[in-house]
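Visitor: Residue strings, one per chain:
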Amino acid sequence: MPLIDLAQTTTLEQIATRLPPFPAVVSRLLILLEREEVSLDELVRLARNDPVITGDILATANRLRRLRVQPDLSDLFAAATLIGSNQLRRIAVAANMNRFLACSSVPSHFFQHALAVAIVAQELAMMAGKASETAFVAGILHDIGQLGFYVLDAQAYGALRRQALAGKEMMMLERTTFGVDHCQLGQALARYWQLPEVIGETIAAHHACPDEWCADLPPLINLAETLSAALDLPYSIYNRVHSVSRAALAHLQLRWDDPEMHDCFCRCRIRFAHQLAKLGQTSHDAGGERNAEKIGEGMK
Amino acid sequence: MNARLDPETISLSAARLWLPVEELRPGMILARPVSGRIGQRLTLWLPVGTLITENTIAQLINKGIECVAVIDDDPPTEEQYVKLLEAAQARLRTIFGDEARMDNACRELFDQLCEVEPCR
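Chains as they are written, first to last, in our numbering: chain B, 22 to 321; chain V, 3 to 122.
Mixed in with the good hints, there may be bad ones.
[To be verified] Okay, derived cross-link-like pairs now, SDA-like style, lysine to any residue, Cα gap no bigger than 20 Å in a straight line:
| # | chain 1 | residue 1 | chain 2 | residue 2 |
| --- | --- | --- | --- | --- |
| 1 | B | K151 | V | S37 |
| 2 | V | K65 | B | S106 |
| 3 | B | K189 | V | G99 |
| 4 | V | K85 | B | S106 |
| 5 | V | K65 | B | R86 |
| 6 | B | K151 | V | K65 |
| 7 | V | K65 | B | R89 |
| 8 | V | K65 | B | T102 |
| 9 | V | K65 | B | D62 |
| 10 | B | K151 | V | G99 |
| 11 | V | K65 | B | K189 |
| 12 | B | K151 | V | T45 |
| 13 | V | K65 | B | H295 |
| 14 | B | K151 | V | L44 |
| 15 | V | K65 | B | Q29 |
| 16 | V | K65 | B | L88 |
| 17 | V | K85 | B | K189 |
| 18 | V | K65 | B | L97 |
| 19 | B | K151 | V | R39 |
| 20 | B | K151 | V | N64 |
| 21 | V | K65 | B | E63 |
| 22 | B | K299 | V | R27 |
| 23 | B | K151 | V | G38 |
| 24 | V | K65 | V | W47 |
| 25 | V | K85 | B | R86 |
Just so you know, the hints here were simulated from the structure itself, not pulled from any lab data. Computed from a prediction, not measured in an experiment: that's the story for all the values here.
Could you build the full structure based on these sequences and the hints that come with them?
Guide: Shown next, in the form of structure tokens:
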């Protein structure tokens with residue numbers, strides 16, 4: 022297995038073309054969301070060309086209409102006005118990121134872990150008063166580098182994961198096998214997809230253990246990954262928590278004993294279960310790890 | 003009896019059911035307060051005991067609230083609830099490992115999770 026050279030664009034192209042296509046509408050949305058106040062008009066214009074977002078907006082609005090025994094709406098702007106810009110932003114991000122993840126080439130264990138971290142990151146972001154949709158996207162993408170390894174050589178990556186589950190250090194194994202670790206590859210993929218720099222920086226730093234964090238998103242994802250394991254999302258016999266970053270908690274001014282934190286834990290669990298149910302899945306167990314290798318072999 | 007929680011807390015927790023907003027129906031009653039925020043700005047506050055109506059559901063959707071706790075019309079008995087809680091705590095001990103070896107940062111999270119009502 023030749024080592025990956027991230028300086029070579031052809032290498033990234035090789036990997037990116039084997040991954041699900043990244044939804045361009047999310048890239049545009051992330052730029053819009055850098056502004057706290059985004060008008061309904063701008064969001065509707067973005068949504069109009071995307072049938073998935075349009076469908077979800079109409080479905081959400083019509084659910085409300087039926088509660089009031091009113092006829093269904095077919096006009097997108099009217100539907101968007103009814104559900105409001107907050108919900109619109111969530112739908113735009115979630116619909117496309119779930120579609121990106123739910124692509125058949127993505128192993129289910131990867132999908133469920135990414136979804137869990139995304140939901141937990143979003144909930145923690147709301148507790149901390151930070152940008153929650155950006156946290157969701159960063160959560161979905163935080164381990165995209167692992168998916169990159171997987172599409173490149175599923176057998177090698179499967180063997181590496183088995184060693185990591187047996188206790189060996191994952192990123193060291195990745196560097197030995199592929200020449201880079203999943204954080205480095207993930208950052209390179211984020212740049213290739215022309216995502217905001219903050220997403221790439223977060224992917225690169227989410228396993229870091231600094232005494233102090235400088236930005237908001239990396240500690241959010243760091244804590245989200247820890248908390249999703251602690252909440253057993255998704256279920257896995259391998260879920261373990263060995264450390265919790267006090268520096269991340271301090272940076273975000275979060276406390277586990279905050280009276281609202283118990284509610285946050287419950288929301289994470291229910292949202293994850295509900296999302297899986299909508300997609301026709303149940304919480305994955307470690308048996309899926311072995312199936313994932315077979316899927317990878319079928320892709321070659 | 004679970005050593006970590008008093009009977010009143012067990013009774014309150016057992017009577018709560020967390021639901022996605024899509025499954026809410028008018029007539030349900032909020033069992034936990036709901037707050038909506040944009041950044042640090044509070045945009046919605048619904049206290050415990052709020053009766054859910056079509057307008058409430060519309061408000062929740064509008065503010066991007068994904069799920070809430072309502073009063074459960076058919077809660078588990080105290081005995082059933084304590085069993086669920088003990089199973090959840092046993093699972094947490096597997097995830098976090100030996101309590102005697104836990105560092106303080108893990109211990110703080112472990113302790114809080116032990117008190118959270120298990121999913122039903």
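Visitor: Check the hint pairing V/K65 with V/W47 against an upper bound of 20 Å on the C-alpha distance.
Guide: Holds, at about 11 Å.
Visitor: Given the hinted pair V/K65 and B/E63, is their Cα-Cα distance within 20 Å?
Guide: 18 Å, holds
Visitor: Below or equal to 20 Å on CA atoms is what counts here, so check V/K85 against B/K189.
Guide: 36 Å, violated
Visitor: Run the distance test for V/K65 versus B/K189: straight-line Cα separation, threshold 20 Å.
Guide: 44 Å, violated
Visitor: Quick one, are V/K85 and B/S106 close enough, alpha carbons at most 20 Å?
Guide: 43 Å, violated
Visitor: So if I understand the rule, the pair passes when the alpha-carbon distance is 20 Å or less; does B/K299 with V/R27 pass?
Guide: 19 Å, holds
Visitor: Below or equal to 20 Å on CA atoms is what counts here, so check V/K65 against B/D62.
Guide: Given that 20 Å is the threshold and the Cα spacing comes to 17 Å, the pair holds.
Visitor: Take the C-alpha atoms of B/K151 and V/T45, compute the straight-line distance between them, and say whether it is at most 20 Å.
Guide: Roughly 15 Å separates the two Cα atoms, so the pair holds.
Visitor: Keeping to a limit of 20 Å between CA atoms, is the pair of V/K65 and B/S106 held or broken?
Guide: With Cα atoms ~8 Å apart, V/K65 and B/S106 stay inside 20 Å; holds.
Visitor: Are the Cα atoms of B/K151 and V/K65 separated by 20 Å or less?
Guide: Holds: B/K151 and V/K65 sit about 16 Å apart, inside 20 Å.
Visitor: V/K85 and B/R86: Cα distance at most 20 Å?
Guide: 41 Å, violated
Visitor: Can you confirm whether the C-alpha distance between B/K151 and V/S37 stays at or below 20 Å?
Guide: 15 Å, holds
Checked against the numbered hints above, the structure breaks hints 4, 10, 11, 15, 17, 25 and satisfies the rest.
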